[in-house]
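In the UniProt record's numbering, the protein residues as written are 1 to 725.
Just so you know, the hints here were simulated from the structure itself, not pulled from any lab data. C-beta: ideal position from N, C-alpha, C; glycine also. Honestly, I wouldn't trust all of these hints.
Cβ-Cβ distance ranges computed for the label pairs, FRET-style [unchecked claim]:
(1) Lys411 x Gly319: 21 to 31 Å
(2) Leu358 x Gly27: 52 to 62 Å
(3) Asn97 x Leu386: 40 to 50 Å
(4) Lys718 x Ser117: 52 to 62 Å
(5) Ile209 x Leu396: 47 to 57 Å
(6) Lys694 x Leu386: 50 to 60 Å
(7) Leu396 x Pro138: 55 to 65 Å
In silico DSSO-like links for lysine-lysine, alpha-carbon gap of 27 Å or less [as the list claims (entries may be wrong)]:
(8) Lys161 x Lys95
(9) Lys596 x Lys665
(10) Lys334 x Lys247
(11) Lys273 x Lys341
(12) Lys334 x Lys382
(13) Lys250 x Lys161
(14) Lys529 x Lys694
(15) Lys250 x Lys272
(16) Lys110 x Lys24
(17) Lys334 x Lys110
(18) Lys272 x Lys334
(19) Lys529 x Lys555
(20) Lys98 x Lys341
(21) Lys98 x Lys66
(22) Lys512 x Lys694
(23) Lys93 x Lys24
(24) Lys334 x Lys161
(25) Lys507 x Lys665
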Amino acid sequence: MSFPFYKQFDLMDCGPTCLRMVAKHYGRSFKVQTLRQYCEINREGVSLLGIHNAAGKIGFDTDAIKTNLGGLGEEQLPAILHWRQNHFVVLYKIKNNKYFIVDPGNGHVKLNAEDFSRNWIDNDGSGEGIALTLTPTPQFYAHENEIGSEVRWSFLFGYFKAYRKLVIQLFFGLAAGSILQLIAPFLTQSIVDVGINTRNLNFIYIILIAQGALIIGRISVDFIRSWILLHISIRVNISILTDFIIKLMKLPMVFFDTKMTGDIMQRMNDQKKIETFLTGTALTTLFSIFNLLIFSVVIAYYNLTIFFVFLISSTLYMGWIVLFLNRRKLLNYKSFEISAKNQSNVVQLVTGMQEIKLNNCEQQKRWEWEDIQASLFNVNVKNLALSQYQQGGSTLINEGKNLLIAFLSAKAVIDGDMTLGAMVAVQYIIGQLNGPIEQMLGFIQGFQDARISLERLNEIYQMDDEEQPDKEWNDTLPVQKDISIEQLSFRYPGTGNLPVLRNIDLKIPQGKTTAIVGMSGSGKTTILKLLLRFYQPDAGEINIGTEPLNSISYKAWREECGVVMQDGFIFSDTIERNIAVGEIPADPVKLNHAIKVANIQDFIDGLPRGLNTMIGAEGNGVSQGQLQRMLIARAVYKDPEYIFFDEATNALDANNEWTIMNNLKEFFTGRTVIIVAHRLSTVRDADNIIVLDKGSIIEQGTHQELTQLKGAYYLLVKNQLELGT
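Full structure from sequences and hints, please.
Written out as structure tokens, the structure reads:
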């Protein structure tokens, strides 16, 4: 039996996918999402240590070895190999000096010792490579098979329920078209056998009029069918894409930390392939098969020998197409991978053009883009070559069949077994059947493309929502709104990463302002992100009053949070809609108040369209200081219970900062405020200042108390104090 193969869905999935294949080899199925989590995958992918830890969690004994070719023995296989210094593959067999690997990016590959060594041996001159051997334990076999990773077509068919009346009409239309086609060969036969043989021109006129009516009927049916198909396909396409975006919006924020932009955008393109297959190829081919069956019966009626020739050649045609499917599938995956890279690279080129020009790296970035285009070209060449082999062989089989049937038909007429009219009818039928047979090629390829696309979409749909529907969530905050953090620890995903926060105990009183300061990398922003539920803590608790934060609905919690992050985002929209996000129309009183507090009225008055001026990527550019003021206005407009500011004024000039901080003092009254900042002017009036160092709280108190201590806080703000004297 061949070693199991799973294709990696994303660029960074090779490690978890290799582990998934080894587990399947030993008889257990795991979702790739589960193994991703165990491997602690991040944007840089996964390390061998991450795979080792994940393998241990599912019940493997593992041993990481560095050895040469002679050190790899059959008893150690299958093993996961570090491949080309940036990839992972599974070596599952060594036989006759041939190395059999399964690559999650390219499928099964057989290599000789030289090629294997070139890809596996490290470049450190040791002549050795790294392998991870895996041995299942009883704990491994205690795991139940995880289901749900299989392709599910059922949810797609649900989109057609709303249009079942139109689908029924479509079926009737296609059936009518098939019946009209069925009549045509008999009319053709009657022209030859009756009209020509009896020299009855009037009869031929009648038959020709009938054929003209059939042609008009078929054109009308096709016209109506096209409109119905367009109506269904557009609506189904929008529904599939809308549901995909809804699902994306339900996923936890950590999902977007590990996904490349190109991967997500390519998945959005995948739904188009599914929609095209379901509303175009599938329906057309369904009725082509219907025609095929009907006309096959008619051919058998005329001549059984011709029927069997047609049947055998059609079977050969289908077999030839299927022969290429596996290779085509691998090329589809490769094309997706490179297209995802290309999508990310193009986005980066466009959005980062200023930095590219400022750093004179145009040539380097262009070369990177050209390398990707070269890879795309190579894949397209392979696709073209494969299509040509497939098309050439299928055409040869098909035309050979036509020639043989023409010969058999002519011989049958000469032998007196068939009339000349019947021969003409048979040739007409064969001509009509060549289309459906050739359509099978498109159908099979379309089905394969749709199935691969569905696998990638299913992978997203199978992920747990941020707010899981089977859990009861509190939709209101408790009366007591103090925030308490107890023994909180957190480490970012990625094997070997050190904890960012260690055993944090912190009380943030309701209605007070708490500032968090510390050196870069001390964990300030991480505390904010944990409070905003970007991530779940590794240990410890966060409570709102007496209520655990993780029992409160995400939507209800964020509804009460006004946030300004360092990397806040401005939408390509008007200033008004960027401030009053999600509220149409904007409340003019709240809008004017937010503009006043953020001190951006002068900026707005200087624009020709005022609040209706487009800003963002497709509108007027804004400076970093203007962007921060816009984000502050957005937080103020929301009128929240809690305020989270992460370096919210670091891009502002001194005058603007002074004005805004004075405006905010009044706004902060009665609200729970958490400010992360380096500037003394931003934190000095806080009710409590928390000083972080290497993920731990080392000091806390008011500005006056901490400066008198002359400890870590004093050292942080000493230069600012001197400047202020």
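Evaluated hints:
1. Lys411 x Gly319: 21 to 31 Å: 27 Å Cβ-Cβ, so the 21 to 31 Å window holds.
2. Leu358 x Gly27: 52 to 62 Å: holds, 56 Å
3. Asn97 x Leu386: 40 to 50 Å: Hint violated: Cβ distance 30 Å, outside 40 to 50 Å.
4. Lys718 x Ser117: 52 to 62 Å: The hint (52 to 62 Å, Cβ to Cβ) holds, given that Lys718 and Ser117 are roughly 59 Å apart.
5. Ile209 x Leu396: 47 to 57 Å: Cβ of Ile209 to Cβ of Leu396: about 40 Å, so the range 47 to 57 Å is violated.
6. Lys694 x Leu386: 50 to 60 Å: holds, 56 Å
7. Leu396 x Pro138: 55 to 65 Å: holds, 56 Å
8. Lys161 x Lys95: violated, 54 Å
9. Lys596 x Lys665: holds, 13 Å
10. Lys334 x Lys247: holds, 26 Å
11. Lys273 x Lys341: holds, 19 Å
12. Lys334 x Lys382: holds, 11 Å
13. Lys250 x Lys161: holds, 25 Å
14. Lys529 x Lys694: holds, 17 Å
15. Lys250 x Lys272: With a Cα-Cα distance of about 22 Å, the restraint between Lys250 and Lys272 holds, given a limit of 27 Å.
16. Lys110 x Lys24: holds, 20 Å
17. Lys334 x Lys110: OK: Lys334 and Lys110 at ~18 Å, within 27 Å.
18. Lys272 x Lys334: holds, 18 Å
19. Lys529 x Lys555: Cα-Cα ~15 Å, so holds.
20. Lys98 x Lys341: violated, 32 Å
21. Lys98 x Lys66: holds, 20 Å
22. Lys512 x Lys694: holds, 25 Å
23. Lys93 x Lys24: holds, 16 Å
24. Lys334 x Lys161: Answer violated: Lys334 to Lys161 is near 35 Å, above 27 Å.
25. Lys507 x Lys665: holds, 21 Å
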